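Colleague: Protein sequence lines correspond, in order, to chains E and R.
Quick note: the first sequence, position 207, residue 207 per the numbering used here, numbers continuous.
Quick note: the second sequence, position 211, residue 211 per the numbering used here, numbers continuous.
Please keep in mind that the hints were generated in silico from the structure rather than gathered at the bench.
Treat each hint with caution, since some may be false.
[Stated by the list, open to error] Covered by chain E, according to a simulated footprint, are these stretches of chain R (three or more residues, beta-carbon under 8 angstroms):
(1) 63–72
(2) 197–211
(3) 220–228
(4) 252–264
(5) 312–326
Just so it is clear, the structure is predicted and the values come from calculations on it, not from any experiment.
C-beta atoms are modelled at their ideal positions from N, C-alpha and C, and glycine is treated no differently.
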Amino acid sequence: MSSTTSPTSRKRALLAATTAVLALAATASCSSSGSPGPAAGAGGKKIAMITGVKSDPFYITMTCAAQAEAKAKGIGFTADGSAQWDVSVQRPLIDSVGAAHPDGLMISPVDTAALTPSLKQIQASGTKIALVDTSVTDTSVGITRISSDNEKGGQVAADALAKQMGEKGSVIVISVKPGISTTDARIKGFSEEMAKYPGIKVLPTLYDNDLPATAASQIQSTLAAHPDLGGVFAGNTNTGQGVATGLAQAGKQGVVKVAAFDAEPDEITALKNGTLQVLVAQDPAAIGVQAVDELAAAFAGKPVQASIGTTMVAITKDNLNDPQIAKYVYKAAC
Amino acid sequence: MTTTETRPRPHAQTLVARTPPLLRRAAGIGELWTFLILAALVVFFTIAAPGKFFTAYDLTQIAVNAAIYLVLGVGMTYVVITAGIDLSIGSVLVLAAVAAGEWNIHHGGAAAGWGTVAICVAIALAVGAAWGALQGAVVATEKVPPLIVTLGGLGAALGIAELATGGQDPAEAAANNLQNTLGFGKLLGIPWLVILAAGVTLVFGLVLGLTRFGTHTFAIGSNPAASRRAGIRVGAHLVKVYALMGLLAGLGAVMWLASYGTTSIAGHSTDNLKVITAVVLGGTSLFGGRGSVLGTVIGVFIPAVLNTGLIVIGVQQYWQDVAVGVVLVAAVYIDQMRRRTRERS
Chain E
1 MSSTTSPTSR KRALLAATTA VLALAATASC SSSGSPGPAA GAGGKKIAMI
51 TGVKSDPFYI TMTCAAQAEA KAKGIGFTAD GSAQWDVSVQ RPLIDSVGAA
101 HPDGLMISPV DTAALTPSLK QIQASGTKIA LVDTSVTDTS VGITRISSDN
151 EKGGQVAADA LAKQMGEKGS VIVISVKPGI STTDARIKGF SEEMAKYPGI
201 KVLPTLYDND LPATAASQIQ STLAAHPDLG GVFAGNTNTG QGVATGLAQA
251 GKQGVVKVAA FDAEPDEITA LKNGTLQVLV AQDPAAIGVQ AVDELAAAFA
301 GKPVQASIGT TMVAITKDNL NDPQIAKYVY KAAC
Chain R
1 MTTTETRPRP HAQTLVARTP PLLRRAAGIG ELWTFLILAA LVVFFTIAAP
51 GKFFTAYDLT QIAVNAAIYL VLGVGMTYVV ITAGIDLSIG SVLVLAAVAA
101 GEWNIHHGGA AAGWGTVAIC VAIALAVGAA WGALQGAVVA TEKVPPLIVT
151 LGGLGAALGI AELATGGQDP AEAAANNLQN TLGFGKLLGI PWLVILAAGV
201 TLVFGLVLGL TRFGTHTFAI GSNPAASRRA GIRVGAHLVK VYALMGLLAG
251 LGAVMWLASY GTTSIAGHST DNLKVITAVV LGGTSLFGGR GSVLGTVIGV
301 FIPAVLNTGL IVIGVQQYWQ DVAVGVVLVA AVYIDQMRRR TRERS
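This is chain E alone, in the form it adopts within the complex:
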């Protein structure tokens, strides 16, 4: 019976999730500003945006910046995003946008391969695609790919974490799931950079499927096996939350240093109260602005940069108040 339960429940959950997304899209102020009606200027061009996780401040910051840039250029703009980081949740959104034939599509695909057919179909119908943040393996998709240089970000995280650990002990990466281009690149950069420290041993990467409870259990189990654990590199916010709880349960908070990506409001709080020690902030606003700029250039028939990498910065408790650093903190709403 349990075997018949799970697929049905997934489908139903998907349906419910999609419905929730649609309902939220109607109410959320940030995401539905550009009305689909005739937009002024730029020949009434329209850009649609689909983010990876709708409620993630990283994507909210990106969406806000893109929206402002589109408005400034007189381009119509609509945005939506998956309720969860899941191919089966994002695909219906892509298909519905495809049916609307926008001039440009900004998308953060949640898988490196599974969404390629849908995107190719949209591209074939004349929509210009800009891949933002994440990308797909097939290089024929998209006129431009804009993301943080994630491998570099992994290196930045490794160096900052190694410094916090005093350059000795074991270190582990706990990430969301394999097969996501950005996190895979971060882990690669992190592991390669960590290998340069002779006193630090890199343990095999664990994946928690975005479940904080799993991350909490994994970090505590790792502590049992490796009492010299000195550092953790957490893949995302949920993972970071789980790792923090796991360390607190084990009484190791602050002893084991935690580095995480992004600079969301609650992560900043965690940094201030000592739950996290290193944040590697991306620049989502720059990604959003440049994607709109590149799409506008493509509409005008101007040359487009095929690949853009944006900068990253390590935030610690010490440099948090520096205005040059503080501008990287993400926003929870426009």
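Here the structure of chain E is known, so what remains is to put chain R in place on it, guided by the hints.
Modeller: Positioned in the frame of chain E, the structure of chain R alone reads:
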């Protein structure tokens, strides 16, 4: 774990005294085989990772991480014994956590006092129980199967939680008072989360085994029509059972807020599968009428021990999912073989 080991005797006795012969035969040593599997796993990991697996630290952390699933599993055992199922528990937990969290945010935030904490706990329990009772009432009409009712509940509860929060986990959803006591506090070295879960397990294990409420639960799962003719108010009982599941999901929400400090809206999508796996591993029949809380305890700990043990001995993670799947199927297979052999003799 120690609390549960004292329990099976009264459980078995009352079953002998109060239930029909078929049930009596099914109970007995129903949990022995799954317990042996659990024991074998513990022995294996203890030998494979000397000084790392079977330590006070590691056993404590396994228990802490299993605590919430144990509480949910106790409720699910009742539901499954009535031949029902509840897929909505993860969403109900999130909804209860969001309701309590929103109250906390507007009444002191992280620095909220004990009064606020008490109200938050009451809100979480009330929201969970109310949602469960609502689902139970629909199930009791016998017009919609429990699978569908709770599938609807799964989506609806999560949707409402997302509407209330804009899909984002609100900051300061849990008071420091709650986190520092229930979340990370210990009594004589045992975390409060574990004590609470053990208490809930003991109480509802005894209720299932010793009281008329428990006997009616078994009877309804075995044969609802006969139960009705025997004078049991089947509908009202189902409402109570689903409300109990909801109440425990609400308690799970309190425990989650205490230990994680956030509502984790996106972090509970597979709670239902985990908990149902545990209940089935524990020998509770999905067709109803048979099962025990003790079995569920073992069923919760088998995957927990596997996941921790495989990390401790350094097995690549992908094997962990394979191992849990294989053990699930094997445990149920052995259980069924044993039953069949016994029924033939």
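Colleague: Decide, hint by hint, whether the structure agrees.
Modeller: Quick rundown of the hints versus the structure:
no.	hint	verdict
1	63–72	holds (count 3)
2	197–211	violated (count 0)
3	220–228	violated (count 0)
4	252–264	holds (count 5)
5	312–326	holds (count 5)
This entry does not satisfy hints 2, 3, going by the numbered hints stated previously.
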